[in-house]
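Residue numbers (the working numbering), protein chains in the order written: chain A, 1 to 366; chain B, 1 to 366; chain C, 1 to 366; chain D, 1 to 366.
Heads up, a few of these hints could be off.
For chains that are exact copies, the list does not tell them apart, and a pair is met inside one copy or across any two.
Claimed, not checked - Computed cross-link-like contacts, SDA-like style, restricted to lysine to any residue with a CA-CA straight-line distance of at most 25 Å:
#1 Lys191 to Tyr213
#2 Lys59 to Asn279
#3 Lys87 to Gly21
#4 Lys271 to Tyr213
#5 Lys142 to Leu354
#6 Lys59 to Pro180
#7 Lys87 to Ile66
#8 Lys325 to Ser253
#9 Lys191 to Lys325
#10 Lys191 to Ile176
#11 Lys258 to Ser198
#12 Lys85 to Gly21
#13 Lys71 to Ala96
#14 Lys71 to Gln111
#15 Lys85 to Gly216
#16 Lys71 to His18
#17 Lys273 to Gly317
Hints were generated in silico from the structure; no laboratory data involved.
Number of protein chains: 4
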Amino acid sequence: MFNSFGQYFRFTTFGESHGPGIGVVVDGVPAGLPLEVEELTTALLRRRPGQSIYTTSRKEEDSPEILSGWKNGITLGSPLTVWVKNKDVRSSDYDALEKLYRPSHADYTYQQKYGIRDAAGGGRASARETIGRVVAGVVAQKWIQQEYPVNVWGWVSSVGEISLPEDYIPKQWSDIESSPIRCPEAEISRKMEELILSAKEKGDTVGGCISGYIEGVPVGWGEPMYMKIQALLGYALLSIPAVKGIEFGSGFSGSQMKGSQHNDIFYTDDKGKIRTQTNHSGGIQGGITNGEPIVFRIAFKPVSTILSAQETVSLEGEKVEMKAKGRHDPCVLPRAVPIVEAMTWCVLADLRVLASQRFLVEKGNS
Amino acid sequence: MFNSFGQYFRFTTFGESHGPGIGVVVDGVPAGLPLEVEELTTALLRRRPGQSIYTTSRKEEDSPEILSGWKNGITLGSPLTVWVKNKDVRSSDYDALEKLYRPSHADYTYQQKYGIRDAAGGGRASARETIGRVVAGVVAQKWIQQEYPVNVWGWVSSVGEISLPEDYIPKQWSDIESSPIRCPEAEISRKMEELILSAKEKGDTVGGCISGYIEGVPVGWGEPMYMKIQALLGYALLSIPAVKGIEFGSGFSGSQMKGSQHNDIFYTDDKGKIRTQTNHSGGIQGGITNGEPIVFRIAFKPVSTILSAQETVSLEGEKVEMKAKGRHDPCVLPRAVPIVEAMTWCVLADLRVLASQRFLVEKGNS
Amino acid sequence: MFNSFGQYFRFTTFGESHGPGIGVVVDGVPAGLPLEVEELTTALLRRRPGQSIYTTSRKEEDSPEILSGWKNGITLGSPLTVWVKNKDVRSSDYDALEKLYRPSHADYTYQQKYGIRDAAGGGRASARETIGRVVAGVVAQKWIQQEYPVNVWGWVSSVGEISLPEDYIPKQWSDIESSPIRCPEAEISRKMEELILSAKEKGDTVGGCISGYIEGVPVGWGEPMYMKIQALLGYALLSIPAVKGIEFGSGFSGSQMKGSQHNDIFYTDDKGKIRTQTNHSGGIQGGITNGEPIVFRIAFKPVSTILSAQETVSLEGEKVEMKAKGRHDPCVLPRAVPIVEAMTWCVLADLRVLASQRFLVEKGNS
Amino acid sequence: MFNSFGQYFRFTTFGESHGPGIGVVVDGVPAGLPLEVEELTTALLRRRPGQSIYTTSRKEEDSPEILSGWKNGITLGSPLTVWVKNKDVRSSDYDALEKLYRPSHADYTYQQKYGIRDAAGGGRASARETIGRVVAGVVAQKWIQQEYPVNVWGWVSSVGEISLPEDYIPKQWSDIESSPIRCPEAEISRKMEELILSAKEKGDTVGGCISGYIEGVPVGWGEPMYMKIQALLGYALLSIPAVKGIEFGSGFSGSQMKGSQHNDIFYTDDKGKIRTQTNHSGGIQGGITNGEPIVFRIAFKPVSTILSAQETVSLEGEKVEMKAKGRHDPCVLPRAVPIVEAMTWCVLADLRVLASQRFLVEKGNS
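For reference, chain A alone in the conformation it holds in the complex (with noise of 0.2 Å):
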């Protein structure tokens, strides 16, 4: 429940930074989908900590194990069980924390809220966490593009203060992975590039956006009322360590426009289909897709693991100076994209289900 996402494709994440290891359970999965422990294998590569300079460099195989629900190459139906083994763990880096709360980490709340806290690697707090998200994406990928047209992209849309237009669409999806830190504009990238490294020689951190944008989900998918698709994206994406916001379409700029100027006129293309002529609404009326791409942006705080001095307070609440050691990333964006289309592909597995259930009776003209 509180370590579960999803109520019909459901995925449980388990484990903690500097335990044993990493691991997720995924139900709902349908059986004979074809798996390989490589696609897994790969898609963690993308989150996987040390793959660049502009990451920590924790160094981390991250090979995945499983351990339930598959058998030669196909799943059982039965729940599918992912296993990645901690590796390397340095909890002596983390030894001055535990008597003191780092500035804006969780530190602090955990400890009110459990009365313990597992220090090092920020125990369940930590980015590895996501190790378990990335794994159901797959699946969730695997199963929704057997039936749909469906994908989804991620990209940085912005570092600190350099950005990306706003209603930007990459001129090619592969210009994405191009990129170290996954920003499709070249000259954008290096700019960011630049900024991440300059904050990581003054062991600060820096924070930005993540675009995400869904293209092929059918008209109809979403619930009215209280699982409106851009509810539960904002839910799934919340739920991002660091992400402090969410707009889809026009968003926080389109408050400021008339309705005039933000509605979205309609059109019959010229293969009969009801298309919209603009795409404020980000795909999405009255909480249900209308056939446009799904578009949206996300906002990550800058990394609080800074590795320059700090004040900030003991347990006993006394003033400190601090100074953190560990491995830490710089800027979380670039690996950061897998977990945003990660979730997303969660979030449209779950409401995939209910799309072909509350078909009407006798359907219209859909």
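Chain A is already provided as a structure; the job is to place chains B, C and D on it using the hints.
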């Protein structure tokens, strides 16, 4: 499920805009909570249509009737049901709309999803559904305030391009209700009023932002993984019609900052309480409340039903020109404030249950 | 949650026995399902009090009113709400009961749990709450029967010590309704009627069993672990007031058998369908339907409110003698048959959603 | 969801009988609960195969390994994961079974549902899945017993036609474990042992009943409508493989009684506590605990896998004769006792959360 909100404190809304009425069942209400019908009436007055020239002229007295769960001023512990009859129904205004899809409205997606739609008043897609949310919010608020010194405030922080400063907090809470559009700064409020009236005259509509502020929530509410307090609030608030974005604390602006700027430095105040010097985190760290005020901002798109001429397509996909009739809000922001507050209270009521459960077995320093 | 049943096809009941009325919200109903108020009225007639001398003399017309989710004979896909006003309320019958705890009634547990109880008619503990179940059952049945050749039958198989043979199946389904107490064997029915009347004359009550029979459910419904079909039916049927036991197939008798006797031998029938020679499994193997009829039997305790003198304690714990007034059933079995059927339909409607989802990716030999 | 149990204290099991192992994730465990691996080992020993000549000869050490949520003898508040490797796997025993459907086994229904089945050891349908339940039960028990003087006892009350009296309660709880088959009456136990051995010699199996007894639950646990304690226990216990029936208190026998006989008369004991003279209600009134012991009885069908020759059909539906190999229990009852107890603890842990929440605002006489 599709029309229910909450897990422990759960409400279910029902009723169509132009059907017999709108209702809500609130489950999980304790026995013995004092509640008067007048309290519901007062709360509904704040979201009522026709309350000022800035809102729709539809006249609904919105007189709540308690159907169950209550006797002689006290709740019984059984489901509390409240029913509000629709009175000022003019379905004829909608006749012309049955043959076409209003731009950026849920007409098209509902028709595609259900093969049927109750065009009059938008059926379920109408804002009248939010009556149920406001009723549930009253109960949630009363329940929480019996034990916790919590308060929730919402105000209009922008209309179109007219905006309060990003980090603005009202000087006095009573200033909010002094403004007909619930903007606590008189000068700014007047500009917003002008903007709304000017849009209204042109048959146009205008969007804006609502800010939310929660004070008094104890440290430790929210669950660290998939029930982070920002994820639950995001889910709740993104389910309000016309909401297109949400941000917590520094939000999108914060994504442009460095970690060294953004981190909220801890200190111990003169009562010995651990506090933070700034509140970029918006009162939340690791998905859990840290005792500082929880702050958020929500973007509303402009109302899609405008009264000026627009192009669109008919049910058959043919290009047509339309001009909406009916009584609509030129700006939903003023009436949306109590809805934002109500959903916030309901999230808190739900979390309250968990908050009291996940305590550690032997409590440490909390 | 506490007053809701079902996950996908979910209904929520509300209302107290001696309050304004009883209602139900059914969520998850598809759009376009034909439904007439008369169908609800007819179904409620079967559970109605005062339908024969074997039931309570409380007179309720039980006229259902549809408050939402329906227009012109068709469901809208939005929550369907049905409301039945209480009419023949005589709370004064209950005045004396407010000061004591009726033996084996929920008086004591409610008082302890809620510190409050609506003594009149037992408040929520009254069988009037089952009106909502019957309404939900009508919708569930209609939805399922639009696609599947499923039928559900319940009948009274024992009253006191008068019992049909354990493996009895009615010769004709219409025989059930021919009996005023819904026992399909005329001779046995008469003996049961005599027993009920004899108990009634003495101010006493009598228990009994209801048998259930579901035909036409396809192979493969039910989930193998924690949504086994027997677990879901058990959960549903044990929630009916006065039910104290349930068994499936051979049930308790089967626990006395050897595996070699109990096993249901497979064979292929002349249409090439795999069947079993016996049905000790009651249509379920490993929690999943095997295509044979699902059979179960439910034990009801005798009604606890008897009209003869009984010893008990007052609210203060002092020994008192009581003699109940009010109008009560000498035997609930006849009126409980439609409730058993309704809950069964609701379980099937819920399972139907999953049944269509958990198919394998490439279907084998099914 | 399909493989999860519980709403607040929730566990999810995973793993196949002849795969790498069996695991469980327990979510909702508080931080700071003392827990030693030895406690898990001891609990698993009670359900372990090969513990006596009355059970399967499959030899599994069932050594539990804690993968997450635990450090140095204490739970962390994060999900607790326990993993037990499968060791004595002899899949070859099952080769012949892949081509046919064992009578009354889940072979046929799984094949039809999933189009695939892991014949070896029955895959998920194997009793090995219950390892996870036993582990969750240990945690649930420890958590509850930290605050409440609750205890749960199960014993074998019948094997085949050999039965303890219906209202039998053990004289001493320790008598249960003194018997190799967990029947607390030495004489009856011996007769049961003989019956099991005699069945085993013939390659046959035998069913029976387990009785359950819960003491110390406070008044007021359970929710009056759809979370009645008997419904929740029924749901939990009917999910155990081979269970075909359950009854509470007087159960099926009680259905033959008159109200005047069956009612449990209240009295005030010498400590001033309100009690009942009899306990036909089995500790439950209106779905809520009344402070008396909760008593129930569960029927298990005989194990379907017998070692003598049986007729059945092949995958193609052709008549074949089969003779099972593999190591199977002649009677599951002795090993099922700890599973019944574990599921009961888990229901209580789940209810405990609600029990503490639904208190009235101002408590009355409790």
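Query raised in the report: So which of those numbered hints doesn't the model satisfy?
Result: 2, 8, 9 and 15
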